[in-house]
Amino acid sequence: MTIPLFVVGLGIGVAGVLAGAVLPARIRVASIALLVSGACLVELLAAGSVLLSGRSRTFSSTAILPLAGLRLLLDPLGALFVAIVAFVGLAATVYLVRYAFAGLTTRSATACYALFVTSLLAVPAAANTGSFMFSWELMAISSLLLLLVEHRHRQSAREAAQWYGVMTQMGAASILLGLLVLGSHAGGQTFADIKSSAAGLSPTVRSVGFMLVLFGFSSKAGAVPFHVWLPRAHPEAPSPVSALMSGAMVSLGIYGIIRVGGDLLSGGLLWWWVLVIAMGVLSALFGALHATASSDLKRLLAYSTIDNMGLVLIGVGASGALWVTGRRDVAVLAMIAALFILVVHASFKGCLFLAAGAIERSTGTRDLDQLGGLIHRMKGTASVFAIAAFSIIALPPLSGFAGEWLLFQSLLHGFTDRNTTTVIALLAGVVAFALAGGLTAVAFVKAFGIGFIGRARSPGAGAATEVAGSMVAAMVLLAGPCLVLGVVPGLAIPLLAKAANVGLPSATPGPLVRGPNLELAGYYGAIEPALLLVALVVAGCLTWGVLKLVARRATRRAEAWGCGRELQTSRMQYTATSFAEPLQRVFSDVLRPDIDVEVTHVAESRFYEKALAYSNETDDAIERSFYRPVASAFRWWGERARRIQNGSVHRYLAFGFAALVMVLVVLA
Amino acid sequence: MIGYAAALRLASGIVLLAAVAMLWRRDLRAAVPVLAVQGVALGVVAGTLALHQHDVGLGVTAFLVLIVKGFVVPLLVWRVVRRDPKIRETAPLVNVTASLVAAAVLIVLSFVVSAKITALSPSVATRLVPLGVATILVGYFLLVSRRRAVSQIVGLLLIDNGIALVTFLVTSGVPLIVELGSALDVLLVVVVLQVLVVNLRSRLGTFDLDQLKELHD
Chain V
14 MTIPLFVVGL GIGVAGVLAG AVLPARIRVA SIALLVSGAC LVELLAAGSV
64 LLSGRSRTFS STAILPLAGL RLLLDPLGAL FVAIVAFVGL AATVYLVRYA
114 FAGLTTRSAT ACYALFVTSL LAVPAAANTG SFMFSWELMA ISSLLLLLVE
164 HRHRQSAREA AQWYGVMTQM GAASILLGLL VLGSHAGGQT FADIKSSAAG
214 LSPTVRSVGF MLVLFGFSSK AGAVPFHVWL PRAHPEAPSP VSALMSGAMV
264 SLGIYGIIRV GGDLLSGGLL WWWVLVIAMG VLSALFGALH ATASSDLKRL
314 LAYSTIDNMG LVLIGVGASG ALWVTGRRDV AVLAMIAALF ILVVHASFKG
364 CLFLAAGAIE RSTGTRDLDQ LGGLIHRMKG TASVFAIAAF SIIALPPLSG
414 FAGEWLLFQS LLHGFTDRNT TTVIALLAGV VAFALAGGLT AVAFVKAFGI
464 GFIGRARSPG AGAATEVAGS MVAAMVLLAG PCLVLGVVPG LAIPLLAKAA
514 NVGLPSATPG PLVRGPNLEL AGYYGAIEPA LLLVALVVAG CLTWGVLKLV
564 ARRATRRAEA WGCGRELQTS RMQYTATSFA EPLQRVFSDV LRPDIDVEVT
614 HVAESRFYEK ALAYSNETDD AIERSFYRPV ASAFRWWGER ARRIQNGSVH
664 RYLAFGFAAL VMVLVVLA
Chain Z
20 MIGYAAALRL ASGIVLLAAV AMLWRRDLRA AVPVLAVQGV ALGVVAGTLA
70 LHQHDVGLGV TAFLVLIVKG FVVPLLVWRV VRRDPKIRET APLVNVTASL
120 VAAAVLIVLS FVVSAKITAL SPSVATRLVP LGVATILVGY FLLVSRRRAV
170 SQIVGLLLID NGIALVTFLV TSGVPLIVEL GSALDVLLVV VVLQVLVVNL
220 RSRLGTFDLD QLKELHD
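Quick note, the sequences are listed as chains V and Z, same order. In terms of this note's numbering, the first sequence has 21 at position 8, counting the first letter as 1, and numbering is strictly consecutive. In terms of this note's numbering, the second sequence has 24 at position 5, counting the first letter as 1, and numbering is strictly consecutive.
To be clear, the hints were calculated from the coordinates, so they are not data collected in a lab. Remember, predicted model here, so these are calculated numbers, not experimental data. Each hint can be trusted.
Simulated restraints, written as ranges between beta carbons of each label pair:
1. V/Glu-172 - Z/Leu-139: 53 to 59 Å
2. Z/Trp-43 - V/Leu-80: 49 to 55 Å
3. Z/Ala-40 - V/Phe-668: 24 to 30 Å
4. V/Ala-644 - Z/Val-91: 53 to 59 Å
5. Z/Leu-36 - V/Ala-644: 52 to 58 Å
6. V/Gln-182 - Z/Val-91: 48 to 54 Å
From the three backbone atoms N, C-alpha and C, an ideal C-beta is built for every residue, glycine too.
Bound conformation, chain V alone (with noise of 0.2 Å):
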């Protein structure tokens, strides 16, 4: 029997976690780096001939997995997954040479990474219930690991720990007795077995696996309201590893609901859907807001992440519903939006948490309000956060753009369905996209304006320099295909067809058009980004050439938005929280702003001001509601536990002989 490319890279995986365990600290970065990046390279090919061919590959062994047996399979679906992992996955390896630190060095941390790596890279090819949570539960833990790096000096991230660790694993009990509770009425663990009795199931049945999957899986796609972990654990963890967590881990989470929903369980119902695009709908609003208001930045990526997850769920929701009702090619449109979205979030997100943690390395800090002025001393950081950031907030000509407007396009082509619960959901996702593409731009113009231009606020600030050239180059792979995706969208429609198809099962083609461009066929609408691209070229060209005729005077160089003032200072600048201020005002309800204005007058006199502290912080409202009175709770019913063990031996016994003798009653 040949193995298949896939398996091959796994298993240079996981050699490369033997080697980050066994090999001294001299070559151990490097010599994991070179296994996971060539891991990674393996799987990028072998999803690329998945993807391209259509042909799935399988592998199966008994021997690797006791009881339930090792069973992988990928077909486009998976490969999709796989490439997206892959990509991201090559990226981090090669930033983490450089700015691999002392915590990150140690032989737990490179096994865990490189655990990390292969186990995400193994999740979207399981194809039984055994395999899905052993590299699940594999992937959980690695990274839970790796977010406690930098335990030792931060108190907030044992707390991120605890809260996504909880989390996780009360996610994958979820999907476990989801996966068992289908598999066992479909009389077998495979997937395979359950996709073929699917059909014979009853909508009982399938849908309480269903929802039981879709909490485990939306808690780990950072859905609003099982998203609190996410917004502490992304910052905490090192940047290569939150840009693992945020490109690829999150969508694995996608990748359940698809998998499970509309593969496996080949469509479902109606309200699945409606549910989805709720939840879709509130973590778009929630994240985006919450992101305005952030001033650190790796915090604001987070959020900014919920944010993105909520437009894939309105798509991923738009489209199984349209699935439902009947119109299969606008949700075969809705889905390719969806995968779309996921794929530039992978690259823009990926790149914007790695050039985060080039500004904390170079900075010292990752607090916006005191960054500025990075533009002039971390030149290619600032680039590549540039485009990424345009990206995200969707300016043609640049991948999130299109990923949006395919969005838009399937929604509103979506609204002549005939029912009427479908429509109400996919206006609210309409709107909430809306609002959220707004909020998001402001809140990338704070971070970049705020972090990238103006004055250094703090002397790390000011002194930063740019960091090595692997990790830039790191970003601008990243970076790449915001720039590629979005003039040359329609190449990648062909590859995210073949992996909507396995999500939706049809071989509806969608109403795309092949080609560079995006052109629906038998609607109206279209986009060529690539002339887009030419007019904005030709235009920035003909203003530059204009103003160089009209502005013959010579150019004095002087300080910018000086107005005539002179020794302006840095603080006279905006910073973010000022800058996020009256959004934050506006949505004060959700926000729930804690602000601090702390005055320290003069020992001589009350009308003199010594010192003025100020501070703003918002609050999780979901956290503060349901989450905290929750934890509470527990922690209250744990110290009345706690009092039935008094240490007397005579108790505990006589615990053990009433345990017994209730039993014996109950046989009798």
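Since the structure of chain V is provided, determine the placement of chain Z on it from the hints.
Positioned in the frame of chain V, the structure of chain Z alone reads:
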């Protein structure tokens, strides 16, 4: 000469009676001969079964049980009791009268529970299983209700003897190696508890296990 059934019933009855007697007597010195009697009765049960089934292995087991449970273990317990200045269980958590009532309830319970086991294969031996189960429960009750460390050893030994009785009656003899293993186990437990008791007295000056609660606070 009494018959097989009568001998088996008599010996098993003595095992349970000894257990109840242990609840009745608060004098720790009395525990030693009672334990010895119980051990001998257990040996007789095994021996009777061996004679009845003409099983040499079981005969060897019976002999070992007689030696270990009838003589060695009581001797070890005696060595602990001898060092204890206060030889009476001064303040049991449950008084003697209530203990005896509880024992009666437990014996009834074990008869009810064991009915199912007996029903599986009714024979002279399996009809006596309730006595073994009752011995286990009484031993456990002793463990819970007495404060002194020595009483804990005795309670544990009662549980073990009860388990041994049930084993003999249900299986009519387990392989020798298993029996040897469990006998060794019990010896080890007794030795460990002996060490614990001695240490307890040298550190805390008492044999009262409830003093260990201080460790928690």
